[in-house]
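Turn these sequences into a full structure, and let the hints steer you where they fit.
Residue numbers (this note's numbering), protein chains in the order written: chain A, 3 to 172; chain B, 42 to 214.
Since the hints were made in silico from the structure, they are not lab data.
Accuracy of the hints is not assured; some may be wrong.
[Unchecked claim] Covered by chain A, per the in silico footprint, the following chain B stretches (three or more residues, Cβ under 8 Å): (1) 120–132; (2) 199–213.
[Unchecked claim] Partial list, computed: chain A residues near chain B (C-beta under 10 Å): (3) Ile-50; (4) Gln-54; (5) Cys-66; (6) Val-73; (7) Arg-96; (8) Ser-101; (9) Phe-134; (10) Arg-137; (11) Ala-138.
Heads up, the beta-carbon is just placed ideally off N, CA and C, and yes, glycines get one too.
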Amino acid sequence: MAVLEILTYPDEQLKQESAPVEQVDDALRSFIADLEETMDTGPGGVGIAAPQVGCFQRIIIVDCSKTRKPVPNHGRLFLINPEISDWEGMAVGREGCMSVPDYTGNVIRAESLTLKALDIDGKEQEFHCQGFEARAIQHEMDHLDGMLFLERLVSRRNDLFKRKVYQKKK
Amino acid sequence: MSHWYMLTLVGKDRPGIVAHVSAALFDGGCNLGEASMMRLGGNFTIMLMVQFDGSTRGLDNLLEPVADSMGLHRHIDRIDADLHHHQEPDVRITVYGADRAGIVSRITGGLAEAGLHILDMETSVAGTEEKPIYIMQIEGHATEGVEALQSALEIVVQDGVEAQLETIETLIG
Numbered sequence: 003m004a005v006l007e008i009l010t011y012p013d014e015q016l017k018q019e020s021a022p023v024e025q026v027d028d029a030l031r032s033f034i035a036d037l038e039e040t041m042d043t044g045p046g047g048v049g050i051a052a053p054q055v056g057c058f059q060r061i062i063i064v065d066c067s068k069t070r071k072p073v074p075n076h077g078r079l080f081l082i083n084p085e086i087s088d089w090e091g092m093a094v095g096r097e098g099c100m101s102v103p104d105y106t107g108n109v110i111r112a113e114s115l116t117l118k119a120l121d122i123d124g125k126e127q128e129f130h131c132q133g134f135e136a137r138a139i140q141h142e143m144d145h146l147d148g149m150l151f152l153e154r155l156v157s158r159r160n161d162l163f164k165r166k167v168y169q170k171k172k
Numbered sequence: 042m043s044h045w046y047m048l049t050l051v052g053k054d055r056p057g058i059v060a061h062v063s064a065a066l067f068d069g070g071c072n073l074g075e076a077s078m079m080r081l082g083g084n085f086t087i088m089l090m091v092q093f094d095g096s097t098r099g100l101d102n103l104l105e106p107v108a109d110s111m112g113l114h115r116h117i118d119r120i121d122a123d124l125h126h127h128q129e130p131d132v133r134i135t136v137y138g139a140d141r142a143g144i145v146s147r148i149t150g151g152l153a154e155a156g157l158h159i160l161d162m163e164t165s166v167a168g169t170e171e172k173p174i175y176i177m178q179i180e181g182h183a184t185e186g187v188e189a190l191q192s193a194l195e196i197v198v199q200d201g202v203e204a205q206l207e208t209i210e211t212l213i214g
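Here it is in structure tokens:
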């Protein structure tokens, strides 16, 4: 096990798109263990994506079980090749990132989503996530596409009557 | 030696003020830090951190031509600046209602007693001249917990004013 170095913006590597994982094996599980340790060592992170440590494979870890105010969550999720198959609603929430120290901003994300991914045994799994957990998954999945929350910032101000006012067009 | 200054500019709003002022500062060798510009009642207002090698008087001389040409009042303070140490708010309070004197004082007074440290505040007067409404958004740190603020808010909110408090859980991913 090892704590890996987290890339921070403006490191260009954070803009790189990650490739799907071809094979879930012991070498991959060993890397995921390091990624997990890195997340747990970081400053209050509820998630981490492999490209944040310079590994450009589609792997994220999310854990929303330790928020100040408890939120619906699935515990610690190891998600390989995650794909969102459906989503609903939009909400504004405040985000920061271990790759962008000392800045937080408001970002609009889907309120709930259905997600397919492989687990650490290579088995396909499906989750329905909402609220904060859904937000964390979207934040981490953006890293897999080389995107930071900075590209999704909305105004800090004037978000008065926000939340649950947007609906996805059917 | 380079120092941080807080520059305040106020004047009638018009397009191009930020561009002109920042060009003059850049040409004069200044570096900009954090800034907040707002239109308040049709006025241009900005507070801007400026890093400058010279004295307050030197910075003032640098700004005089552009401020005068754009009709801006200016004020310069030498400050102790602290970058890269943002404080995260953990609570947001939104208040709105028919405008009347005393809303801010009553509500922020009660919240301050219950431990609120305001980090960001914006208020606006909307509606019409006949029926103005007051809208206030505060973000801050609940030094004595959110419950204390919630209780305080319920006591200070008067008829005709809506107030809501929500916690901010910042996602760090």
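Going through the hints against the structure:
Requiring three or more residues with a Cβ within less than 8 Å of a Cβ of chain A, the coverage given for the segment 120–132 of chain B holds, as 5 such residues are present. Counting residues of the segment 199–213 of chain B whose beta-carbon sits less than 8 Å from any beta-carbon of chain A gives 6, enough to reach three: the coverage restraint holds. For Ile-50/A, the interface hint holds, since its Cβ comes within 10 Å of a Cβ in chain B; the closest pair sits about 7 Å apart. For Gln-54/A, the interface hint holds, since its Cβ comes within 10 Å of a Cβ in chain B; the closest pair sits about 9 Å apart.
Interface restraint check for Cys-66/A: the shortest CB-CB distance to chain B comes to about 9 Å, inside 10 Å, so the restraint holds. Because the closest C-beta pair between Val-73/A and chain B is about 8 Å apart, less than 10 Å, the hint holds. Hint status for Arg-96/A relative to chain B: holds, with the closest Cβ pair at about 5 Å, below 10 Å. Residue-level restraint check for Ser-101/A holds (minimum Cβ-Cβ distance to chain B is 9 Å; threshold 10 Å).
Hint status for Phe-134/A relative to chain B: holds, with the closest Cβ pair at about 6 Å, below 10 Å. A cut of 10 Å between beta carbons decides the hint on Arg-137/A: the least distance to chain B is about 6 Å, and the hint holds. Of the supplied interface hints, the one on Ala-138/A holds, with its beta-carbon coming within about 6 Å of a beta-carbon of chain B, less than 10 Å.
Consistency with the previously given hints is maintained throughout, with no hint failing.
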